[in-house]
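**Student:** This is what each chain is made of:
2 protein chains.
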Amino acid sequence: MTTTFDQSTHGARRRTVISVDAMGGDQGPPAVVSGIAKSAEKNPDIGFIVHGRAAEIAPLVEKAGLTDRCEIRDTAEVVTMDAKPAHVMRNGKNTSMWSAVDAVKNGEAQAVVSCGNTGALMAVSMLRLRKIPGVDRPAIACLWPSRNTGGFNIMLDVGADIRADERDLLQYALMGGSYARNGLGIDRPRIGLLNVGTEEHKGRAEIKSAHDLIAEMAPAAELEFVGFVEGGDIPSNRVDVIVTDGFTGNVALKTGEGTASLIRELLREAFNATLLSKFAALLALGSLKRLTKRIDPRRVNGGVFLGLNGTVVKSHGSADATGVSSAIKLAFRLAESGFTDRLAARVASTGQPSHDDDGMPEKNEQNA
Amino acid sequence: MTTTFDQSTHGARRRTVISVDAMGGDQGPPAVVSGIAKSAEKNPDIGFIVHGRAAEIAPLVEKAGLTDRCEIRDTAEVVTMDAKPAHVMRNGKNTSMWSAVDAVKNGEAQAVVSCGNTGALMAVSMLRLRKIPGVDRPAIACLWPSRNTGGFNIMLDVGADIRADERDLLQYALMGGSYARNGLGIDRPRIGLLNVGTEEHKGRAEIKSAHDLIAEMAPAAELEFVGFVEGGDIPSNRVDVIVTDGFTGNVALKTGEGTASLIRELLREAFNATLLSKFAALLALGSLKRLTKRIDPRRVNGGVFLGLNGTVVKSHGSADATGVSSAIKLAFRLAESGFTDRLAARVASTGQPSHDDDGMPEKNEQNA
Numbered sequence: 382m383t384t385t386f387d388q389s390t391h392g393a394r395r396r397t398v399i400s401v402d403a404m405g406g407d408q409g410p411p412a413v414v415s416g417i418a419k420s421a422e423k424n425p426d427i428g429f430i431v432h433g434r435a436a437e438i439a440p441l442v443e444k445a446g447l448t449d450r451c452e453i454r455d456t457a458e459v460v461t462m463d464a465k466p467a468h469v470m471r472n473g474k475n476t477s478m479w480s481a482v483d484a485v486k487n488g489e490a491q492a493v494v495s496c497g498n499t500g501a502l503m504a505v506s507m508l509r510l511r512k513i514p515g516v517d518r519p520a521i522a523c524l525w526p527s528r529n530t531g532g533f534n535i536m537l538d539v540g541a542d543i544r545a546d547e548r549d550l551l552q553y554a555l556m557g558g559s560y561a562r563n564g565l566g567i568d569r570p571r572i573g574l575l576n577v578g579t580e581e582h583k584g585r586a587e588i589k590s591a592h593d594l595i596a597e598m599a600p601a602a603e604l605e606f607v608g609f610v611e612g613g614d615i616p617s618n619r620v621d622v623i624v625t626d627g628f629t630g631n632v633a634l635k636t637g638e639g640t641a642s643l644i645r646e647l648l649r650e651a652f653n654a655t656l657l658s659k660f661a662a663l664l665a666l667g668s669l670k671r672l673t674k675r676i677d678p679r680r681v682n683g684g685v686f687l688g689l690n691g692t693v694v695k696s697h698g699s700a701d702a703t704g705v706s707s708a709i710k711l712a713f714r715l716a717e718s719g720f721t722d723r724l725a726a727r728v729a730s731t732g733q734p735s736h737d738d739d740g741m742p743e744k745n746e747q748n749a
Numbered sequence: 382m383t384t385t386f387d388q389s390t391h392g393a394r395r396r397t398v399i400s401v402d403a404m405g406g407d408q409g410p411p412a413v414v415s416g417i418a419k420s421a422e423k424n425p426d427i428g429f430i431v432h433g434r435a436a437e438i439a440p441l442v443e444k445a446g447l448t449d450r451c452e453i454r455d456t457a458e459v460v461t462m463d464a465k466p467a468h469v470m471r472n473g474k475n476t477s478m479w480s481a482v483d484a485v486k487n488g489e490a491q492a493v494v495s496c497g498n499t500g501a502l503m504a505v506s507m508l509r510l511r512k513i514p515g516v517d518r519p520a521i522a523c524l525w526p527s528r529n530t531g532g533f534n535i536m537l538d539v540g541a542d543i544r545a546d547e548r549d550l551l552q553y554a555l556m557g558g559s560y561a562r563n564g565l566g567i568d569r570p571r572i573g574l575l576n577v578g579t580e581e582h583k584g585r586a587e588i589k590s591a592h593d594l595i596a597e598m599a600p601a602a603e604l605e606f607v608g609f610v611e612g613g614d615i616p617s618n619r620v621d622v623i624v625t626d627g628f629t630g631n632v633a634l635k636t637g638e639g640t641a642s643l644i645r646e647l648l649r650e651a652f653n654a655t656l657l658s659k660f661a662a663l664l665a666l667g668s669l670k671r672l673t674k675r676i677d678p679r680r681v682n683g684g685v686f687l688g689l690n691g692t693v694v695k696s697h698g699s700a701d702a703t704g705v706s707s708a709i710k711l712a713f714r715l716a717e718s719g720f721t722d723r724l725a726a727r728v729a730s731t732g733q734p735s736h737d738d739d740g741m742p743e744k745n746e747q748n749a
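Protein chains in written order, with the numbering used here: chain A, 382 to 749; chain B, 382 to 749.
Simulated from the structure, these hints should not be mistaken for lab results. The beta carbon of each residue, even a glycine, is placed where N, CA and C say it ideally should be. Don't take each hint at face value.
With a cut-off of at most 27 Å between alpha-carbon atoms, the simulated DSS-like pairs for lysine-lysine come out as follows [stated by the list, open to error]:
#1 A/K674 with B/K670
#2 B/K659 with A/K674
#3 A/K674 with A/K423
#4 B/K444 with B/K465
#5 A/K670 with B/K444
Ranges of calculated distance between the beta carbons of each label pair, as one might list FRET restraints [claimed, not checked]:
#6 B/T461 with A/S642: 33 to 41 Å
#7 B/G446 with A/G667: 28 to 36 Å
#8 B/G488 with A/E605: 35 to 43 Å
#9 B/R544 with A/R723: 57 to 65 Å
#10 B/K659 with A/R723: 23 to 31 Å
#11 B/D426 with A/T461: 52 to 60 Å
#12 B/T461 with A/G566: 37 to 45 Å
#13 A/R649 with B/A586: 53 to 61 Å
#14 B/A729 with A/D407: 43 to 51 Å
#15 B/P600 with A/L666: 49 to 57 Å
#16 B/T530 with A/R649: 13 to 21 Å
#17 B/T703 with A/E650: 48 to 56 Å
#18 A/T461 with B/E597: 52 to 60 Å
The following block holds chain A by itself, in its conformation from the complex:
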C-alpha cells in the first residue's frame, strides 16, 4: 500500500503515506491514534500505516472513523523506553518500531513517526535505512522558537551522538542547511557554530577546525556562514541553523525547555495570585493564548533524523494528540518536499570523503 486513491474531491489523488509506530510514547495508542485523527481531518492528502498490537489499535481506529485512511500492521512486541539500543538491534524484529521503519525502507511509506525510545529508534533506523553516502554520523535536528521571520530555528545534533569531530560538524551544517531549505522554506539558510565565545581564540580545537571547514564549503552549498554563535543566540534572529555536538545540543535543548516551563508555571502563579490578577488574566486571555501557543513545545514536536535514506521523525515520548499531530505534519512536509533525496544530493555534491564507506557506523557511541 504505497498510495491510495481518493476520487471523492478532485479526481485521482496520490496520498503521501506516513508510517506511524503506535506503541511508543508514554500515553500509548490512544494518544497516537487521536493525533492521527487530528492530522487526517486537517489534511486529506495523508494515508497512514499504523504499527502495533492490532487488538488495541483497531477499535481506536474504528471509533475515530479512520478505517479508510489507516492500514494496521499487527506486531507482537514493543520497544520499552528503557530498552538498550544494541539489544533492540539484535532482538527487535517483531516490534512495532522495527515494522514502522521497514515500511519506509520498503517504499510503502514516505516517512516514519515514532514517540518511542530515541536511542533504539536511531539504532533501528541506521540498521534498516542505512546512512546516506558521505555521512558518518546521522544527527537529530529540532526546531526552536526564535525571533526569526518564520518563528523557528533549527538546532542539530540534539542527541544522536554524544560527540562530533570537525567533519561531523561540517556535515551537520550541510544537513541542517538542507533541512532549513526544505522544511522551513529558507532559500539561503544562515548557519552558526555553537561556541562559548564569539572571539576566534576561544573554544575547543575541533570547533575551531570546523569553523574553517564550514566557512570554506558554505558558498558552494548556498549557505551563509555567520561563524560562532553563543547560547544566547539560539532563539535569536542571527541564525537559522545552529550546529553543535549531541551532548551540548541535548543539554541546551532541555535547558531551554526547562526554563520555558518554569516561566510558564510562574506566570500561571502570578495570574492566580489575586482576584484582580485573575480578572486581568481573563481580559488578556486572547493575547496570553497566542503567547502560550508560540512557546508551546508540542507545536515544535518532532526531532528529525538527518543523514539516513529515509525520513524519520522522533516525537516526544510524552506527546499528546496535539504533539503527535505536529510530528505527522512535519513528516508530511518533509516527505512532500523530497527532502531525503535533496539532502543526499547536497552532501554528495560537497565531495567530502566519508570516514567509512560501508554505510555502517564505525564509531557506534550513538548506540550506547
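Chain A is already provided as a structure; the job is to place chain B on it using the hints.
**Tutor:** Okay, now just chain B, sitting in the frame of chain A:
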C-alpha cells in the same frame, strides 16, 4: 584600610571591605558607583575600595555622598572587554582590575567585584590570589532561578575552563557544595552531575568516572549526591548544585538567559497587542512585577570564582546599578561567612591529591 570604625549607631563596628573595579563593564564608572550607592544605603556594614581613574570616579563618589564609605585607588589603565587574558597577565599591573584583586591579596578587602572581561579577571585572580591547595581548575559558579525553597540553584563551571576531567568535576562538586552551604544556607546540598540521560549507560567516559568519584566522596563531605541530572532539571527542585564542564555550563547558562529574554519580550508584545490586554496588564501589574523580579537576571548577577585564596565576584559586563548592587551583596555575604577558608578546609579534608602542587595552572586553556 582593612576596616573602618563607625560609632554612629551601635558602638565600634567592624566593616567588611569590598574591593570594586570601577572601570570594567559596558556602562562604566557611573553604573558601578550607583551600584555602590545602592548597597551602601541598604547595608551600613560595608566599606569600599574603588579602583580606577580617580578623575572620573571622585566626582561620582562625592555626588553620591559616599566619601566616608569609599577609598579611591587611582589607576591609569583599563582592561578592555576584548583584551587577551595572557596579555593582561603580562602587562596589566597598572589596571584597575589588577589593583582591585590585589586589595584582596593584601588583606585590605575581604572580596572583590568586577564587571570586566571574564577571562582576564580569572587570569589575574589566579596569578595574584593563587589556587587553594588541592584545586586544579578554579570554576565559575552562577545562581539559577529554580523551584527550590530558596528560589535558586547553583551551577558550575559556567566558563572558567572549557574542559574538565573526572577529578575536576569532583572538585566542582565539593566547591559548589561549600558555596551552597555558605552562600545559600543549605545544610546538606543536593549535588547533580549534568548528563544527556539519567540512565547510567549514557554519557562521556569522564562523566561516568566522575559519577563514581562523587558518589564515594559525598557522604564524608555532607553532600547528598542525586546522580545524573539533565538540562531540564537545572531549574528544578531536584538539586541545589549542578556540576558540569565550563563549555557545557556556559552554553546552558546563555541558552537559559536567551530563552527567558525571548519569553519576556513575547510577553510584553502580548500585553501590548490590544487595548484590552493593555488594560489587563495594568490590572495585573503587581503580579507581573513580582514575576519579572523573580526571573530578572540582574537579581542573580554575580558569577563567583571558586578555588582561589580570596573571594572574587564577576558581575555581568552589562550590569546596571541594580546588577552591580546584587554582585556586591553576594560578595558581602560570602565574605561574612568566611567562605574561602571553609571551602579550602573542605577541599583539604577530602585528601584528594592535586594534579599539580605548585599552585599554578598546569593546563592553561582557561587563559585562552
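**Student:** Out of the numbered hints, which ones does the structure contradict?
**Tutor:** 4, 5, 7, 8, 9, 10, 13, 17, 18
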